[in-house]
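Asker: The chain contents come next:
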Amino acid sequence: MADRPVQVSALALSGLIMTLVLGTALALFAQAKGLSLRPADWSAIRFTVLQALLSTGFSCLLAIPVARALIRRRFPGRAALIVLMGAPFLLPVIVAVLGLLSLYGRNGVLNLALQAVGLPAVSVYGLKGVVLAHVFFNLPLATRMLLNGWQAIPAERFRLAQTLGLPSPFRHVEWPMLRAVLPGAALAIFLVCLTSFVVALTLGGGPRATTLELAIYQALRFDFDPGRAALLAAVQFALCILAVALAARVTLPMGLGAGQDRALAVPAPRGWRRLADALVIGLAALFLMLPLAFILIDGLPGLARLGPTVWQAALRSVWMAAISASLAVSAALMLTLAAATGARRLIEVAAMLPMATSGLVLGTGLFLLLRGFARPEALALPVTIGVNALMALPFLFRLLLPEVRILQADYDRLAQAVGLKGWARLRWLTLPRLARPLGLGAGLAAALAMGDLGVIALFAGDGQATLPLMVQRLAGAYRMEEASAAALLLVGLSFALFALCDLGGRRAAP
Amino acid sequence: MLAFAVSVPARRNLESVMKVFHLALAFLSLAPMAMADTPVLNVLTYDSFAADWGPGPAIAKGFEAECACKVNYITAGDGAAVLSRLKMEGKGSDADVVLGLDTTLTEAARATGLFAPLAAIAPNDLPVPYTDANFEPFDWGWFAFVYDKTKLSNPPKSFKELAASNLKVVIEDPRSSTPGLGLVMWVKAAYGDQSGQVWKDFAHNILTVTPSWDAAYGLFLKGEADMVLSYTTSPAYHLIAEKDDTKAAAPFSEGHYMQVEVAGKLASSKNQALADQFLAYLAGDAAQAVIPTTNWMYPAKTPAAGLPAGFETLIKPMKSLLYSPAEAEAARQAAVEEWQTALSR
Chain A
1 MADRPVQVSA LALSGLIMTL VLGTALALFA QAKGLSLRPA DWSAIRFTVL QALLSTGFSC
61 LLAIPVARAL IRRRFPGRAA LIVLMGAPFL LPVIVAVLGL LSLYGRNGVL NLALQAVGLP
121 AVSVYGLKGV VLAHVFFNLP LATRMLLNGW QAIPAERFRL AQTLGLPSPF RHVEWPMLRA
181 VLPGAALAIF LVCLTSFVVA LTLGGGPRAT TLELAIYQAL RFDFDPGRAA LLAAVQFALC
241 ILAVALAARV TLPMGLGAGQ DRALAVPAPR GWRRLADALV IGLAALFLML PLAFILIDGL
301 PGLARLGPTV WQAALRSVWM AAISASLAVS AALMLTLAAA TGARRLIEVA AMLPMATSGL
361 VLGTGLFLLL RGFARPEALA LPVTIGVNAL MALPFLFRLL LPEVRILQAD YDRLAQAVGL
421 KGWARLRWLT LPRLARPLGL GAGLAAALAM GDLGVIALFA GDGQATLPLM VQRLAGAYRM
481 EEASAAALLL VGLSFALFAL CDLGGRRAAP
Chain B
1 MLAFAVSVPA RRNLESVMKV FHLALAFLSL APMAMADTPV LNVLTYDSFA ADWGPGPAIA
61 KGFEAECACK VNYITAGDGA AVLSRLKMEG KGSDADVVLG LDTTLTEAAR ATGLFAPLAA
121 IAPNDLPVPY TDANFEPFDW GWFAFVYDKT KLSNPPKSFK ELAASNLKVV IEDPRSSTPG
181 LGLVMWVKAA YGDQSGQVWK DFAHNILTVT PSWDAAYGLF LKGEADMVLS YTTSPAYHLI
241 AEKDDTKAAA PFSEGHYMQV EVAGKLASSK NQALADQFLA YLAGDAAQAV IPTTNWMYPA
301 KTPAAGLPAG FETLIKPMKS LLYSPAEAEA ARQAAVEEWQ TALSR
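One line per chain: the protein sequences are A and B, in this order.
Mapping of the first sequence onto my numbering: position 126 corresponds to residue 126, and the numbering continues sequentially without gaps.
Mapping of the second sequence onto my numbering: position 154 corresponds to residue 154, and the numbering continues sequentially without gaps.
These aren't lab readings, by the way, just hints derived from the structure by calculation.
Errors might be hidden in some of the hints.
Here are the simulated PhoX-like pairs of lysine-lysine, each with C-alpha atoms no more than 25 Å apart in a straight line [to be verified]:
id: 1; chain 1: B; residue 1: Lys-149; chain 2: B; residue 2: Lys-316
id: 2; chain 1: B; residue 1: Lys-70; chain 2: B; residue 2: Lys-270
id: 3; chain 1: A; residue 1: Lys-128; chain 2: B; residue 2: Lys-200
id: 4; chain 1: B; residue 1: Lys-160; chain 2: B; residue 2: Lys-149
id: 5; chain 1: A; residue 1: Lys-128; chain 2: B; residue 2: Lys-168
id: 6; chain 1: A; residue 1: Lys-128; chain 2: B; residue 2: Lys-222
id: 7; chain 1: B; residue 1: Lys-157; chain 2: B; residue 2: Lys-70
When you get a sec, could you build the whole thing from the sequences and use the hints?
Answerer: In structure tokens form, the structure reads like this:
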């Protein structure tokens with residue numbers, strides 16, 4: 001497809017994204033005094049890459065059995081479980097860390113249980129804690145991306161494999177799908193972990209666990225050395241580009257062809273494998289749900305005491321997230337449609353670029369660029385909305401791209417044959433076919449925007465606080481119970497937005 | 001491969017690129033046309049000062065009643081963020097008064113050349129002599145390790161005792177948090193050249209290092225650690241606001257390092273007289289009486305009515321440690337690097 005207007009606007013949008021991302025980095029570089037990496041920076045780079053690789057590896061490997069078990073089994077509450085599994089990814093980091101510590105911490109349930117049976121306590125702090133937290137966040141993301149992949153396999157292929165008497169459809173049907181979807185999932189997760197900093201610092205146990213993003217934060221906050229921040233951001237950027245290039249190399253098109261949208265019939269083997277699947281689903285559900293349960297328990301008591309400013313902040317966060325998500329989804333759809341045919345490399349780089357920059361660098365750069373023209377308070381909300389849309393774009397792009405490619409490969413010739421183009425094609429082919437990933441993407445974008453803290457903190461004036469900023473302010477004033485309650489409210493709202501979009505998308509899918 | 005070098009001409013190019021960008025933006029921006037009937041005093045401060053439960057609203061209300069003006073708070077995350085924001089804005093800052101830096105930051109703030117001398121030096125009751133031509137203290141506190149009396153009956157009485165114990169503490173990162181930096185200064189001020197060894201001995205007690213005070217305090221309240229780096233005044237919050245007397249601060253024989261929070265006036269302010277008036281109000285009895293139960297710190301000048309009930313239960317360190325702003329600035333980088341090296345083993 002890729003009508004000319006789509007191509008042109010996608011290229012214009014790519015240009016805009018590149019200008020924003022690179023322009024803000026340049027604004028920081030322009031203030032540089034001298035640029036060199038210190039020994040501590042190199043150890044930060046090593047730790048950043050190591051923890052990101054481990055976290056990505058575990059998240060992706062564990063997601064395969066979980067997604068496979070979920071796709072081939074039917075049980076009551078399955079749909080609810082799949083939606084709920086999106087929750088960890090949407091949690092504000094510090095809330096999630098406290099939830100995890102209720103379980104694995106020194107005073108957590110696990111250690112109390114070990115103590116009760118006379119076993120030595122285990123410590124969660126250190127590299128293992130960092131990886132554990134990242135797997136907690138990203139296993140659901142990987143699982144969801146793989147589920148979408150499995151759903152995109154035409155039911156006919158599984159039937160064909162059965163007819164041919166293949167012992168398992170894995171090698172010829174499922175493996176090609178994994179080769180197409182897994183690299184994208186791994187890339188998204190690797191990049192999230194690459195820019196992580198609160199998890200690494202809180203659970204890392206000390207300055208050994210310094211990530212690049214933390215070094216950027218320090219450069220901006222305590223030393224106010226924008227040039228150094230930009231240099232570190234450039235290193236992060238280089239790592240990101242390397243990862244994008246690697247993922248592009250190992251991704252293969254699925255090549256399974258189109259089907260007739262029959263009800264999915266993934267073979268569900270009986271016997272011990274049925275038990276194994278139940279075990280996998282049960283363990284994953286426990287791993288992901290228990291910390292959520294603790295967040296609920298911690299947050300409930302203070303909920304009634306939340307003041308009007310918290311509710312106002314909640315309302316502000318919701319509408320800002322809704323606008324951010326609409327922007328991000330529209331942009332991602334346009335870019336993926338264009339990338340599936342036209343200037344693929346350029347658009348792909350532009351769409352992944354926001355991931356490479358840190359929100360801090362983007363925010364600070366915009367602040368430096370815009371300070372002469374308007375008061376930061378006047379810009380706080382529009383800039384936050386824009387930056388959040390931008391930061392969500394890479395996820396949505398990754399999520400949509402494989403599905404758009406499949407759509408192109410399977411339906412493009414048909415659509416051209418019947419002369420379906422322009423809005424009609426968007427309305428009758430593209431949107432319905434992509435409803436599922438679009439819904440998931442909109443949900444993700446909205447929830448990510450809800451939870452964002454970095455940008456608004458730089459710009460916000462009095463009375464412009466978003467809910468995450470309120471959580472931080474409450475916790476910063478000893479009001480832990482109210483902070484827990486506001487965090488629960490944040491989790492609930494993010495999740496409601498996410499579920500609304502996700503379920504909407506799935507309902508609209510053919 | 002990852003080395004970067006930006007030469008001077010290249011940087012000039014960047015600057016001209018930015019100029020073009022600025023120009024383009026100028027077309028897009030709409031100049032806000034605020035009609036000012038009453039003068040507005042902009043106060044750049046940290047979030048929790050201006051929050052509903054912070055001292056900000058009451059102080060603004062009190063001052064507005066006598067100045068025929070409006071107080072507008074501009075907020076940044078914490079003291080360090082306030083300074084970053086100010087450095088970003090430079091001479092173009094809208095702020096008239098900057099409030100909430102502490103003495104580990106004041107020297108860097110002074111070096112920006114943005115601060116005007118104070119019109120009047122108000123008397124204060126700090127436990128150590130303190131005067132500064134640019135910065136007026138408005139509150140202060142002693143750093144301390146806070147513990148739960150019901151769980152720890154015999155708290156350590158010094159860094160040495162703490163290091164000899166198996167107690168676990170949570171501390172804040174000196175590279176991202178002012179209390180974290182305060183702890184590094186504390187050890188340096190108490191032990192001088194031996195501070196590196198103290199950190200090495202102490203390393204095994206550190207459960208984890210958090211980016212901010214609230215994360216550390218949250219972990220402590222969750223029962224993750226036996227002690228947390230906070231203030232001697234922290235138990236007062238639990239006692240007065242929550243009627244909970246189980247928290248206490250452990251007195252250390254080495255003495256306790258202080259955090260002194262200050263306010264100053266910007267030379268670029270167009271409201272110099274109003275800013276002077278605000279600083280005088282801040283040092284006065286009405287504003288100082290607001291501080292203890294909103295900021296949970298000691299007021300710089302004890303109010304005529306005394307401290308609120310409950311503050312008398314707090315520990316009173318025999319010895320107060322505090323570097324002058326110049327000493328703190330000179331010691332800061334080396335002390336943080338020493339901390340980092342000792343804890344990276």
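Asker: Starting from the hint list further up, note which numbers the structure goes against and sort them upward.
Answerer: Structure breaks hint 7 only.
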